Amino acid sequence: MSRAEPTAKTATTAKTATTATAAETATTGQAGPTGTAPAATAPGGTGGVGAARTLWTLGLLRSELVTTFRRWRTLALLAVLAAVPVLVGVAVRIETGGGGGPHGGGGGEGPAFIAQITNNGLFLVFTALAATLPVFLPLAVGVVAGDTIAGEASAGTLRYLLVAPAGRTRLLLTKYATVTAFCLAATFVVAVSALVVGALLFPLGDLTTISGTRIGFGEGLARALLIALVVAASLLGLAALGLFVSTLTNSGVAAMATTVGLVITAQILDQIPQLHAIQPYLFPHYWLSFADLMREPVYWDGLVKNLELQALYAAVFGSAAWARFTTKDITA
Amino acid sequence: MDEPRDEPRDEPRDESVDLPVDGDASAPPQAPPPAPQDAGAGGNGNGDDDGVIRTRALTKRYRGGQLAVDGLDLTVPAGSVFGFLGPNGSGKTTTIRMLMGLIEPTSGTARVLGQSMPRHARTVLPHVGALIEGPALYGFLSGRDNLLRQDAADPTADPRTRRSRVAAALDRVGLTAAAGKKARAYSLGMKQRLGLAAALLQPRRLLVLDEPTNGLDPQGMREIRTLVRELASDGTTVFLSSHLLDEIEQVCTHAAVMARGRLLTQGPVADLAAGARGRLVVTTPDPAEAARVLKEQGVGDVVADGDRVTGEPPERDLADVNAALVTAGVRARGFGIERASLEDAFVALTGEGFDVAG
Ligand SMILES: Nc1ncnc2c1ncn2[C@@H]1O[C@H](COP(=O)(O)OP(=O)(O)OP(=O)(O)O)[C@@H](O)[C@H]1O
Ligand SMILES: [Mg+2]
Chain A
1 MSRAEPTAKT ATTAKTATTA TAAETATTGQ AGPTGTAPAA TAPGGTGGVG
51 AARTLWTLGL LRSELVTTFR RWRTLALLAV LAAVPVLVGV AVRIETGGGG
101 GPHGGGGGEG PAFIAQITNN GLFLVFTALA ATLPVFLPLA VGVVAGDTIA
151 GEASAGTLRY LLVAPAGRTR LLLTKYATVT AFCLAATFVV AVSALVVGAL
201 LFPLGDLTTI SGTRIGFGEG LARALLIALV VAASLLGLAA LGLFVSTLTN
251 SGVAAMATTV GLVITAQILD QIPQLHAIQP YLFPHYWLSF ADLMREPVYW
301 DGLVKNLELQ ALYAAVFGSA AWARFTTKDI TA
Chain B
333 MDEPRDEPRD EPRDESVDLP VDGDASAPPQ APPPAPQDAG AGGNGNGDDD
383 GVIRTRALTK RYRGGQLAVD GLDLTVPAGS VFGFLGPNGS GKTTTIRMLM
433 GLIEPTSGTA RVLGQSMPRH ARTVLPHVGA LIEGPALYGF LSGRDNLLRQ
483 DAADPTADPR TRRSRVAAAL DRVGLTAAAG KKARAYSLGM KQRLGLAAAL
533 LQPRRLLVLD EPTNGLDPQG MREIRTLVRE LASDGTTVFL SSHLLDEIEQ
583 VCTHAAVMAR GRLLTQGPVA DLAAGARGRL VVTTPDPAEA ARVLKEQGVG
633 DVVADGDRVT GEPPERDLAD VNAALVTAGV RARGFGIERA SLEDAFVALT
683 GEGFDVAG
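Top to bottom, those sequences are chains A and B.
The numbers in our numbering rise by one with no breaks, and the one at position 188 of the first sequence is 188.
The numbers in our numbering rise by one with no breaks, and the one at position 59 of the second sequence is 391.
Chain A extracted, bound-state conformation (with noise of 0.2 Å):
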């Protein structure tokens, strides 16, 4: 806990570092299309210009986002996460035998909160996220994000998005929102799909928080959503390093592959006593402090750390993945 300090302050800097590219790219992003945009467009293209490129720019996002939430594989991941809250509530349903003896405290096995469920339904937003974090929402994210680029690479459109042009850098940037918005969807899909199982299996009502204080009910939902939007942020040091790897080769499987292994590599060296010193830097390190927003008064200290290393991360595998990919060759 005592090396805390210097963990933050990098994580500040790096920050500061990404939000400067950021901006720097976004402008040269625009250089080009302004330049150009008075010579292309022929007929009709003189009312508006402003909110015209900006449309114009934002134009492969939404493409980006249609065909990545149209695509069969996306929405067998979205349909395998949902389906993780009805099987655990389904489960504690039938344990239960549909009563519901009160436990109290903190779960003794299985996910965090999994005995208040038959309590109030609401707990079972937070046991199902508390169980996919460690496995299925990073399996997810890291199919999605591996596949970014080697995916398109593989399928050899790639070479027609850059000839198009689409610009590397507005690629990436796109690349890198679709799975920010990935990260997003399947932490709802999850809190959402509990949240219908729990208000059919369970009653719902005020909650008990970890800390022993009642709030309403109004309130625990708002925590519930406090809670997906920082599962979701937890998964961004992740998708990062995904689109690195997917930056490195031209097969998808093998992007897919690499950064799901890492995911699990992950996992394991978090697990071993030995290697303390180095986990604090491992992306899942923290990402079970989302708990602590069920405490009163929240305890931020883990959900700092946790969001400073995911932009830690973020920074360092962006960077590298942006300048992997603007000096690649496109030969796929």
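In short, the hints are calculated from the structure, not lab data.
Keep in mind that a hint or two might mislead.
[Said to hold, decoys possible] Anything over 12 Å on all C-beta distances counts as not near chain B; from chain A, calculated:
#1 VAL90
#2 THR96
#3 LEU139
#4 ALA155
#5 PRO165
#6 ALA177
#7 ILE210
#8 LEU221
#9 GLN267
#10 ILE268
#11 LEU269
[Claimed, not checked] Only some residues are given here: those of chain B computed to face chain A with a beta carbon under 10 Å:
#12 ILE435
#13 ILE464
#14 PRO467
#15 ALA489
[As the list claims (entries may be wrong)] Not everything, but these chain A residues come out facing chain B in the computed CB check (under 7 Å):
#16 GLY59
#17 ARG71
#18 THR74
#19 GLY156
#20 ARG159
#21 TYR160
#22 VAL163
#23 LEU184
#24 ILE330
Predicted model only: the values in this text are computed from it and were never measured.
Even glycine gets a Cβ: it sits at the ideal position worked out from N, Cα and C.
Given the coordinates of chain A, assemble chain B with the ligands onto it according to the supplied hints.
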């Protein structure tokens, strides 16, 4: 008869690009003459006078050490239909990748539409339509959605006209009926057509087509030829790589031949074909007698094959040769010079060997 020149290799760098004035109608380059420039969209034609594509000592060595393109000096005149020839592995696709900014040259420079690549890719490429190493599609999207996505990737493409431009491009390649079908269910030729449609989403000043007729049926090939001629007559420069020399001969005004990464020759197609000598051909039921007379008349390398007797035309007037055949009582069904095809020129330049250079 125009004098067959020896191989026109090593042409001066700044050769003029005028079409040859060729009185012989037996192998007409059917493409239209270069249209007046700047008819296309967004034409500030400055810098185009030195060629729509111009490379200087362009060299690419791949990471494995393979020297794929070696000191290429290529000039593609504005308004031309330019055929880019070469055996497998001679560096055509590598050159095209460098021109499109996909790979960085090891040394040398490439200018496209007057601007250096890959540095100005963002301003140059919206004016360039390209088909590189065959089509690549998202199998899970329909043909139409593939084009919509390709168009969305171009930041200069107006989203308000996107649907209509996509529909027009689909129509142009004859895919309107199959537009809603998933691209993975397309046949090879349909994919090729869709790839072409993507290159035609906007009015272009330059089209770069790497083996565009690969996998097309005869109708498809004909349509591509018509399309290329149509585009060329609108002032679009077309840069076309192909193995089908017949194709090239039919549509191209200019051509370049590569082998083992080096440029062997470039220039107007008629000049290239003229580089290989034509042959005198006599069709006759009396081949033995004909061969004897032809030899007497100074025809070299006489070969009798069935009722065809061929040989290298002599210096003297062919009318005298014909008269000699008649005098000797040789019955002839046909008598004339068969012009060297581009294929002959190509084989003369690149050799008969079938094996790909390593
Ligand atoms: N990505 C690559 N890495 C290493 N070498 C390559 C790569 N791509 C091509 N080459 C080599 O470069 C040379 C030129 O290849 P290129 O693809 O440019 O030939 P080409 O003229 O297009 O041939 P084809 O007519 O078969 O399409 C070949 O020897 C090939 O082996
Ligand atoms: Mg090739």
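Hints and how they fare:
no.	hint	result
1	VAL90	holds, 33 Å
2	THR96	holds, 43 Å
3	LEU139	holds, 21 Å
4	ALA155	violated, 6 Å
5	PRO165	violated, 4 Å
6	ALA177	holds, 14 Å
7	ILE210	holds, 45 Å
8	LEU221	holds, 37 Å
9	GLN267	holds, 31 Å
10	ILE268	holds, 34 Å
11	LEU269	holds, 32 Å
12	ILE435	holds, 4 Å
13	ILE464	holds, 6 Å
14	PRO467	holds, 8 Å
15	ALA489	holds, 7 Å
16	GLY59	holds, 4 Å
17	ARG71	holds, 6 Å
18	THR74	violated, 10 Å
19	GLY156	holds, 3 Å
20	ARG159	holds, 6 Å
21	TYR160	holds, 6 Å
22	VAL163	holds, 5 Å
23	LEU184	violated, 22 Å
24	ILE330	holds, 4 Å
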